[in-house]
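For the sequence shown, the residue numbers in this note's numbering are 3 to 762.
Hints are not guaranteed to be accurate.
As the list claims (entries may be wrong) - Taking lysine-lysine and the DSBU-like style, the derived pairs with C-alpha atoms no more than 35 Å apart in a straight line are:
#1 K483 x K519
#2 K570 x K407
#3 K139 x K82
#4 K70 x K158
#5 K283 x K250
Source of the hints: derived by calculation from the structure; they are not laboratory data.
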Amino acid sequence: EPLSSPSAILKSLAAKAVCETSMPPSNLNLPATPVAPAAATPPAAPAGRPTPATPAAADGIPADLTAKLAIDVAEIVYNKKPIRDVAVELEARGGAVAVPRLTATLPGEMTLQARSTMSGAPSRPTVSGDFSLVGPKLRETLAWLDVDVSDVPAAKLTRLSMKGKMSSTGGNVAVTDAVFELDDLKGSGGIAVTFGVPLSIVTNVAIDTVDLDSYIAPAGQKPASGATAAAKAPGAAPAVAGPAVGLKARIARLIYKKETIGGIDVDVALQGSTLRLTDIKVSNLLGARLAVRGTVAGYDTALPRPDIAFNFEAPDAGRLLKFAGTTAPAGLGAASASGAVAGSIEQLVLREVAVSAMGHSVRADGTLSLPGISRGAPQSAAYKGSVVLNGQTIEGAVDAKLTGKPNITAELRAGVLDLDKIGGGSGVASRAPARGQPAAGAQPIDTAALRGIDGSLKLVAGTLISAPLRIGNADLAATLKDGVLTVSHFKGGLYGGSLAFSGVVNGSQPALSIDFKGDASGIYLGEMLRSTAGTNQFGSTVKVTIDGRLNATGIAVRGTGATSDQLKSSMAGGAQLGGHIYAGADKALQVLGGAAAGAVGGVIDQTLGNVLGAVGQKGGTGVGNILNAIALVLNRFVNHDSPISGRVDVAGGVLTDRSLVVQGNRAAANIATRTNFGNATTDTTVNFTIAEDGSAPYLITTVRGPMSSPAFNVTRGTAKDPPGMLSTLPGVQQIEQIPVPGRSLIPNVPLPNLPGLFGR
């Protein structure tokens, strides 16, 4: 076969290795990029799967092989420049390989010289000799190899040398105790040559300190870079694999941007167009650690195919990002990343890719597509698979068109999705605005984000949580176009009932407007209280259990504002209320009467305070009289369904009632409320009337003041007691004899955190 390519030379060497051969000096002209024969072209690897790595080199020359080889070539032309005076002599015997002569002169006057001889017993010979590689004009050699050094200062990368001792073990050749020099940089190293298939040449280098800053031209002094070589088309025939060339380097300290990076270990190998990353480690990158392993097939093509795993940990990611020249979010702190990627840069398969930072964690398993990124900016981006966000698994697909105005389409599914975990509230109270800065509610709402992108979202979740709400079988469909977010439907189960909403959030103008409509049906009051207040049973001596089912139909909410305060103040809408309330109290009245006879200060315990907001009377009306009224009202409303009816309306940010009534057994609770969302205040009065005297309220309760800490009061109305009341209520006679205390019977009455109750 004509010696027209490196593969032909290797095959020739293998064929003649069993006998002594001498070739007269000749000239060889080798193409810069050898092309494999058509028959040798392997089948294309499936998309998304990297080409299998070439097997590791076998053991060296067998111990029972005796051979000599001699090759002399006057000139080999490669990359349009000659390699002169090439001479190779090998001698193999008893598992040892000697190199009586190895010489070559590369462009840039880089000279290779090596000589080793055998000695000792023929069955167990030893090999010793010297190796030298000296390049006084390294830049010329690198230019011949198409290495662009235009960004490196002219005083750097000027000379290279490596000199050491030669030996042989296991049928292989080694250079040991070598001294390595690059410019004024010195280190130790060696070379290991393994005679196998493929031939393996591995260079080892150990350096104490590398000042990388000295190899970077200062800003403004970098010469114009020449045009870079075009990447190989992915469809071109693969280059001949040839020998495997490896590098093992250990750098104790590397100085970059005046920072010290410690503990760098590199173990890489190149065979043909496959780059093997056996092990790359950085022990201290401003406190961070990095490890990478894997392969990159077609690394020199437009579409390299990586299959790599990585692990990264940084105790101060903000410092690291600043070092990299980017701005980090405030309080970024520690961060970590790990996982594996495979495929091509236009279609990457992510395997357990996990990132953790700022109290959040995310793990992705799926396919990331970036069509067009090999030619510049990608035209679109798509992801299909699963994402585990703060322990919550979300599956589905996201497709983003990046040309022109971005358009994002997402279809997502989740078993349990807790929005509070995604939001990642820190629990730290928000700080007051700086002097001269508007309060948070007075700051303008930024609607530009709504106008910046278009898109659509479909979300299905078995359970959707936004405390205190827990929505079952949640189904959301929404679109965003030119700043207008249209919610086609949002439906699901809530507290044993159901809800269904639709509406629009219009951010097409600087002022944000909302308009939503919907219904909430069959809401279990007991379940709602257990979820929001922790329990639906109140009291200690007397326990009252609140239950029932509520309906809110024709719900409408509208508002417009450039700030959140304006939005609250403009709220308008309303809802029709229905359903029933059930207050259960076993033998409540008997227990109340007995307790009143024995303990003045504890007659009205937390049960009555929590349920009715009762406080003591001041002047005029005795405790016995009001306790009689409370006992009677309890008797009329407990242990049966009490229908609720009426309507609430919102206008100008103020909620008011319209004929809001809870109907008990021969009694009614008429609720009148005025709750101001803008000022966060409420003024609510509940007038209890009884059938025996409906001309006036029998008992009056009020809730007034800030919604965060309202004041409660209970007074006896002017309606008369029903006939025979003292004989029908156990313990009431004793209550009448209790003197009036000088303070409230129930200081600091707690209020259950009921959503929407008194505007909260």
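Against the structure, the hints:
no. : hint        : in the structure
1   : K483 x K519 : holds, 20 Å
2   : K570 x K407 : holds, 32 Å
3   : K139 x K82  : holds, 18 Å
4   : K70 x K158  : violated, 41 Å
5   : K283 x K250 : holds, 12 Å
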